[in-house]
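Please dock the two separately framed chains into a single complex, following the hints provided.
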Amino acid sequence: MVVSVAMGTAIATSLITLSLDIKGKVSRELRAFGANITIEPKVEGFADIAGQKRYLREKDIIKAKTIFWRHNILGIAPFLEEKAKISFQDRKKDVTIVGTWFEKELPLPGEKTTFRAGVSTVSPWWDIKGRTPDKSSVVLGVSLAEELGIKQGEEVLLDGKPYVVSGILSTGGKEDEQVFLDLDVAQELKGLEGAVSRVLVSALTTPMDDFAYKDPATMSRKEYEKWYCTGYVTSIAKQLEEVFKGSRAKPIWHVAETEGNVLERLSILVYLLTAASLLAAALSMSTTMAASLLRRLDEIGLMKSIGADSFKISIIFLSEAFIIGCVGGLVGYAISVGVVKFIGLKVFGAVLEERVLLLPVALVSALLIAALGSLLPIRRALRVKPAVVLKEAR
Amino acid sequence: MNKRKWFLHFLWRSLSQRKGRVAVASASVMIAAAIVVSALGISLGIRQKLGGELRSYGANVIITPKEEKYLSDEVFSFLSSDVEVEDFSGQLYARVSVNGADVEMIGLDFKKLQGWRIEGRTPAEGEILIGTNIRDALGLKLNDAVKVTVGDRDILMKVSGFVERGGPEDNAVMLDLAQSQRLTGLVGKLSAVFVRVKSRNIGETVKALRDHMPYVNVKTLRQVAFAEESFLKKIELLMALVTLVVLVASGISVSSTMSATVLERLKEIGLMKAIGGTKNSIRRFYLAEGCIIGIIGGLSGYVLGFLSAQAVSKGAFGSFISIPFYVFFISLGMGVLIAVSSSILPVTDALRYKPSSILRGE
Numbered sequence: 000m001v002v003s004v005a006m007g008t009a010i011a012t013s014l015i016t017l018s019l020d021i022k023g024k025v026s027r028e029l030r031a032f033g034a035n036i037t038i039e040p041k042v043e044g045f046a047d048i049a050g051q052k053r054y055l056r057e058k059d060i061i062k063a064k065t066i067f068w069r070h071n072i073l074g075i076a077p078f079l080e081e082k083a084k085i086s087f088q089d090r091k092k093d094v095t096i097v098g099t100w101f102e103k104e105l106p107l108p109g110e111k112t113t114f115r116a117g118v119s120t121v122s123p124w125w126d127i128k129g130r131t132p133d134k135s136s137v138v139l140g141v142s143l144a145e146e147l148g149i150k151q152g153e154e155v156l157l158d159g160k161p162y163v164v165s166g167i168l169s170t171g172g173k174e175d176e177q178v179f180l181d182l183d184v185a186q187e188l189k190g191l192e193g194a195v196s197r198v199l200v201s202a203l204t205t206p207m208d209d210f211a212y213k214d215p216a217t218m219s220r221k222e223y224e225k226w227y228c229t230g231y232v233t234s235i236a237k238q239l240e241e242v243f244k245g246s247r248a249k250p251i252w253h254v255a256e257t258e259g260n261v262l263e264r265l266s267i268l269v270y271l272l273t274a275a276s277l278l279a280a281a282l283s284m285s286t287t288m289a290a291s292l293l294r295r296l297d298e299i300g301l302m303k304s305i306g307a308d309s310f311k312i313s314i315i316f317l318s319e320a321f322i323i324g325c326v327g328g329l330v331g332y333a334i335s336v337g338v339v340k341f342i343g344l345k346v347f348g349a350v351l352e353e354r355v356l357l358l359p360v361a362l363v364s365a366l367l368i369a370a371l372g373s374l375l376p377i378r379r380a381l382r383v384k385p386a387v388v389l390k391e392a393r
Numbered sequence: 000m001n002k003r004k005w006f007l008h009f010l011w012r013s014l015s016q017r018k019g020r021v022a023v024a025s026a027s028v029m030i031a032a033a034i035v036v037s038a039l040g041i042s043l044g045i046r047q048k049l050g051g052e053l054r055s056y057g058a059n060v061i062i063t064p065k066e067e068k069y070l071s072d073e074v075f076s077f078l079s080s081d082v083e084v085e086d087f088s089g090q091l092y093a094r095v096s097v098n099g100a101d102v103e104m105i106g107l108d109f110k111k112l113q114g115w116r117i118e119g120r121t122p123a124e125g126e127i128l129i130g131t132n133i134r135d136a137l138g139l140k141l142n143d144a145v146k147v148t149v150g151d152r153d154i155l156m157k158v159s160g161f162v163e164r165g166g167p168e169d170n171a172v173m174l175d176l177a178q179s180q181r182l183t184g185l186v187g188k189l190s191a192v193f194v195r196v197k198s199r200n201i202g203e204t205v206k207a208l209r210d211h212m213p214y215v216n217v218k219t220l221r222q223v224a225f226a227e228e229s230f231l232k233k234i235e236l237l238m239a240l241v242t243l244v245v246l247v248a249s250g251i252s253v254s255s256t257m258s259a260t261v262l263e264r265l266k267e268i269g270l271m272k273a274i275g276g277t278k279n280s281i282r283r284f285y286l287a288e289g290c291i292i293g294i295i296g297g298l299s300g301y302v303l304g305f306l307s308a309q310a311v312s313k314g315a316f317g318s319f320i321s322i323p324f325y326v327f328f329i330s331l332g333m334g335v336l337i338a339v340s341s342s343i344l345p346v347t348d349a350l351r352y353k354p355s356s357i358l359r360g361e
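Chains as they are written, first to last, in numbering that gives the first Met the number 0: chain Y, 0 to 393; chain H, 0 to 361.
Some clues are possibly wrong.
[Unchecked claim] With a straight-line Cα cutoff of 30 Å, these simulated DSSO-like cross-link-like pairs (lysine-lysine) come out:
| hint | chain 1 | residue 1 | chain 2 | residue 2 |
| --- | --- | --- | --- | --- |
| 1 | H | Lys68 | Y | Lys150 |
| 2 | Y | Lys91 | Y | Lys150 |
| 3 | H | Lys110 | Y | Lys213 |
| 4 | H | Lys140 | Y | Lys244 |
| 5 | Y | Lys213 | H | Lys140 |
| 6 | Y | Lys189 | Y | Lys92 |
I should point out that these hints are in silico values taken from the structure, not numbers from a laboratory. Please read all numbers here as calculations on a predicted model, not as lab measurements.
Pulled out of the complex, with its shape left as it was, chain H reads as follows (with noise of 0.2 Å):
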């Protein structure tokens, strides 16, 4: 047998016979890889996930007409093109009298509304929603009839439902776009188009859409912009700060597992010493055999990682995580690293001493 194949027989061996070393070796290694991978999991995916909740806060951007009065739901198809717009919505508002009282109208999308509490429900044709201030100040109840006027003509509407939201909405009535559009005879026109962009760079795809649409003021809207980037990006520190603790404990943890272990094969150190093993060779022998421990412990960690990591994002945002794929590079790596590095040091430790003192119990 020439010195390789010696070499792996000797290392199969070894690995074959002492089983439950190498599972325990492997098994702290596939642990820490698994806490590592599920910590680096959510934090490079929660950016995306906590974003889906900050999207209920609303639009980040509205477009407004600039010289006309109105939109023109054209604006519409240029949205639907850009592939940083997330959601759209048009407004079209109009003064009204309902029973005499001057308020002013609201035509929105209730398919886009997210989470109004309504009192009732939402309007249906003929129907119409109205603002809790107006609903005090009218003594209006559900399925009233209410008289609406709008420009010279008179309509019946059925009071469908009340809502507060403590903003604008309460001090108005409102029904679906489509059919304000009809009464006021504005067809295919809006007020004001409230867009939803995605919150990396708002700035660029403001220009972009000015660019795109000259004739329309396009704005930031302050508010939600301004507090989402810095909230997320605080976020993101914190689950950076979370994985950055998490892998140096589990990297010591597992460190000094393996080289508890590593001590106790003083024994096989000092066999092999005797029998004619070198340095390096039995250098490198423990380096191979740390390289196997530290490939399973890595591999078995990234899916262990990776599923735990899909139980915690549906427990906590109901539904899973996307995980860049380098992050299984990054196990298989980490694993290796620590097992090899946890196992050389005590190795190289060892080696110092005369075979026949070990061998002799010393």
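Just chain Y, same shape as in the assembly (with noise of 0.2 Å):
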């Protein structure tokens, strides 16, 4: 019987862990597809779409890992976004180029840390055949480079400047049309130090609600220090926005929204699997103590014959049913935190959160699967006739 609690309470505790840590580590591993909110320069008027660029300030970056929510900034990566020229040989055509970081090693303000920034952290997906840009090279798209048939290694003219094409890229998006550039040498090349276009950012966050899609500007003051003090991606946009001077920060709404819909699923999915298994194994438990009360018939009728009452009776079955609760309890624990690491990883390749607080969550759902299972065997036992019993005794 103990083993058959203690097996229950291994599951649904196992289950509870992961459900617990589930969302979290989903999340991080969501984070391949990308970016979820982007900080561009505000429009404010006409002139903002007409020509006149604004720019937001490179400097400013760093600030992203200063906010509330900055130990949920991912991943961050500026783009610098201008017309060039390009020539190869005698083709010349107007491209795009694009200046920005691969990877590049931020130092964080305070700290001895450093935290890792870049393409490779806001947009995994992107396929370079060859090596990153430097100060001297540049990758093309795969499409620009096959048009103007470039290959990798020859050298390439942009606005009169040369450079080596180190590398190709292949995203199958209009990346595939532009030349990248690392963003100190696009923003010497254009004049514009210190300059960046737009920049993105990964960010872990809590899934949308219909209380988070409210507009801030209607909240009332304790509205909005929930909604603010939440890892909504509104939230955490907004907290980009007012670090980044000039800015307009918004969530990318097509990962974001998807993003919520995959956790949410996953989150009922696991809390009902884990509901569904302290059933089974009350039902589990109930069972057993059928079968083992069927064996003890006799003692029953003949607590019953020299007196003892019903409600005594059951006393002393239901405390022999919170001692294997306990015991039950105790092992399942143990058993969870090797099923809870095993899994962790295996699938995430992370060990999830031991936490030491689940002992409790662990006891009382052994108590709990002990309890229910107990009640109907009891009961039904406690119905015997000592007569009946006692005649039947061997």
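Shown next as structure tokens:
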């Protein structure tokens, strides 16, 4: 019987631990879909879309790691998009050049560690054949390279300046037609030192709900605080907007929405599985208890015949169930720790946080299982008539 | 009565007289089978269910013109006939002028859009949807009339709504695809077709599409394709491991329950030996009993597990899950295996004792 309760507790506790941590781990996996927040210069008037270009400041980027939700910022990359003329041998074309960081370690203000930023943290699907660009080289989009017949290693001219093509990039998107440079190189080429056109951010967020979709401008003070202190994609965007001068930060909705949907579904799935397994464990405890009570009918008969009332008898059996529950709970907890570690490593390649707080959860669920499981069998067993049972005694 | 008949008679009487014991044993096999069937059912179907959620990420393949400037909508008929294609929609791009500002116009099929939060409504005939950056730049409000210049034609259109996506739409104005084709004089033409294909074999599907339509560019949208496949694989692995854990745990749990009930039957075994039962026939008897319990448990467990998997699926994904039929046989097989293996061992053990010692109660 202890085994039964132990197994049931093990399953239930493992699932509960998984469900608590799964949101975090799956959230991280979903970041493979790319940036979910974009920061652009604020659009205020006609001029902003009619030629006059506004820029954000490169030096504001590190401030993203100082906001309230800084630990949720997993990736960040700046982009400077400008027009330039590319020429290769006798072919010329007007193209868009993009200055960015491919991989850059940013020292965190006031801390000894660095933060890895760059395109690899917001667009992990970019596939570069060759090497990332440096002071004297560029990366071409695959369609552009094919169109102009340029291969890796050849030299091209951008606005008259020579660069070696160090790699070819393929994404299936508009990047295939663009030219990529290191941010500093692009800024120098265009005389736009310290400027960026836009910044993409990859953040861990809490799924949106009806409350989160409310317009913050219409929220009461308490509501606003609640919104601001919850990691919704909208509140993280707002906090980023506050540190980037002259900016407008918005969620990239097609990424953010889907992420929210998937997370919700998985959470509900795991909760339901947990509930089902608790129920199953209680049922299994029930059958085992029923079997054992069947065996002890003569004990019950004897107790009743010497004057014990049903209440006292049920207390005896319930306390037995309680002890079984405690032991089963401890064993189940120990097993679940191992199970969760194993699953965490195999699926996510990382150890899920060990939560000692779960020991009480394990005990409570074990006791719940033991109690629920024992109720019916005990009640049925108590209806036994002493005379009938004792006559059958061996 | 010959041996066979006696055996069956004995079995039947044993089962019908100890209905309680049989019920308890079958019940625990049933519960174990039910949990395993649920977990297995869900892990087999989770790719399809989550895939449905990921579908709203949109297309994973894009078709663009190769040598011409535009695609013709013949592309649609090719796509409709391909089994691997789940959905597709076309878009047309053009530069237009809105109240004097040069902006990008996107003609798209609003019916295929999923979950766009529009402040206002999707544009009807003569209406236009405006991206929020354009709205802020031009200071537009809902229902304003704007002058749209396409080529050398000026048209007055009504602003039906605003949309902010955090993408290129914010800097564009949007119209229904058919209307945009008429306005630009490009009826039946498209700038791009976004396609959603089944994620398992994108590479092959793309190759097949390229072979069928050599005059267009077919590319995988790596952003979506890359992430989806690795994500789905991880979740499948997660569910598979959970199922394994559940299987092992319930197997152990049932075994312990079954062993307990067998031990109490020592007296029966002693009695059977005393009245002349051979070790083999006793073993066969318990084997048969185990099989029957296993079958009852496995059958009812399958039904219970099937129903609970559907309940979980409906609760988490809002729809039912399709469970492959072979799971029925797994449930049955598992039930019999557990029931038989957990009764055989203790029985073999019990057979060692002398009938007289058992009957005396030692």
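- prompt: What hint numbers does the structure not satisfy?
  reply: Of the numbered hints given earlier, the structure breaks none, since each of them holds.
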